[in-house]
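Participant: Work the whole structure out from these sequences, hints included.
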Amino acid sequence: MKEIENFRIGLAELKSNKLRTSLTMLGIIFGVGAVIAMLSIGEGARQETLEQIELMGTNNIIIKEKNVTVSQGEKSKAAFSPKLNLHDGESIKELNPFVEKVTPQRESINNITYKSNIIEAKIIGTSDDYPYAYNSQLAAGTFFKKHHLQDYSNVCVIGSGVKEKLFKFENPINKEIKIHDLWFKIIGVIASKNVSASGIENLGLRDFNNDIYIPITTMIFKMKKYVPESNGTLNMGNIVFFFDFGNFAQNYDRTSINQLTIKIKKDAPIKKAADLIKRIMERKHYGVADYEVIIPEQLLAQKQKTQKIFNIVMGAIAGISLLVGGIGIMNIMLANILERTKEIGIRRALGATKHDVLYQFMYEAVVISIVGGVLGIITGFILTSLITGYAEWRTIITPFSILLAFVVSVAVGLVFGIYPAKQAAEKDPIESLRYE
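Its first residue numbered 228, the sequence shown is counted upward by one per residue in this note's numbering.
What the hints contain is simulated information worked out from the structure, not anything from laboratory work. Backbone N, C-alpha and C define an ideal beta-carbon position, used for all residues, glycine too. One should not assume that every hint holds.
Per label pair, the in silico range of CB-to-CB distance [stated by the list, open to error]:
#1 Glu619 <-> Lys372: 38 to 46 Å
#2 Tyr359 <-> Pro626: 34 to 42 Å
#3 Thr615 <-> Lys493: 22 to 30 Å
Quick list of in silico lysine-lysine cross-link-like pairs, BS3-like style, CA-CA up to 25 Å [unchecked claim]:
#4 Lys373 <-> Lys492
#5 Lys581 <-> Lys328
#6 Lys293 <-> Lys511
#7 Lys328 <-> Lys499
#8 Lys245 <-> Lys328
Facilitator: Below is the structure:
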């Protein structure tokens, strides 16, 4: 009952000085809000990184063609390199026991025509393993099959972005589009994939939604050949992948590709597989680095390490806000104690113990922290919405960030409320009654 009375007295004191109480809470409110907002930015960035790496396939190893500037003395050496080609994929699958599938991609950019609509899109010649390699889901229809590859069929699967641009609300399945000078029948639509601007910039991803997929054999035998520039620079394009399709072509124009995606067997050691792939590629390309090996799993680890440092820095900045709020509580409570010295003396003279005075002021500090913490959580949601709306950053508020911010705010109130409360409890009753 005595503790309840002490709490009631402390609460009554806070109510009687609403302005002072509100000013004391401000530091906690903005501190908690800052913690939630900062952590939400970090969590949003982390989730975005995971999604972008997932698009590349965490169990994949990607080999991309690479632009290499060749000096005059190295031209003879570079001439021996066959550049990135389908035979590289065949060798990797044959010699590397960790490989499950190899998927090729060969790219070109062409005008696409449907009725009176004309757009420009990236054409990807690939195999039937592509959806498996990239965890792609179909929004409608189906992906092309092996018999389409064997027959050099004029079929295609379009991305959701292409569908929106050409067909709007029309069903594209079984419709025909003109790619350059050939007509292709649409048999499927790839579900939308979220690739952020930062993902495109930092990870070399493209906007998959604006791609059109056709059998790689159709691209090789029916579409314009890919001819590299021969000006002392080995110009090697963008992105593409491989399948076990045999030696169906001999010349460079027909076997050259832009990218290979190697799917590693489940539970196989990615690093060992990557090292073996690098040795195979180095030998086949005679030491010419006209390709780049990308390991999404390592990219993920590197990005997570960077993100962890980023979160620590942002958390420290937000923590300083809470620290400032705690100092504000202590300063205002010390001034409050000085102002209420005579009140303390009267309470002690009427029989209140040091314990009663101590807990009265402690309760005041805790109430300020709890109410400030709750208002800070609301402020955190508001700040997060503003960041998302105006800065266009992805933010995610987690239960952990809310709990952490609230617990820290209460802890700050306790820590910074103890000293002023002890100061109040230690005051001499007689000296307090004489204080003016």
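Participant: So, against the hints stated earlier in the document, which numbers end up violated here?
Facilitator: Violated: hints 3, 5 and 8.
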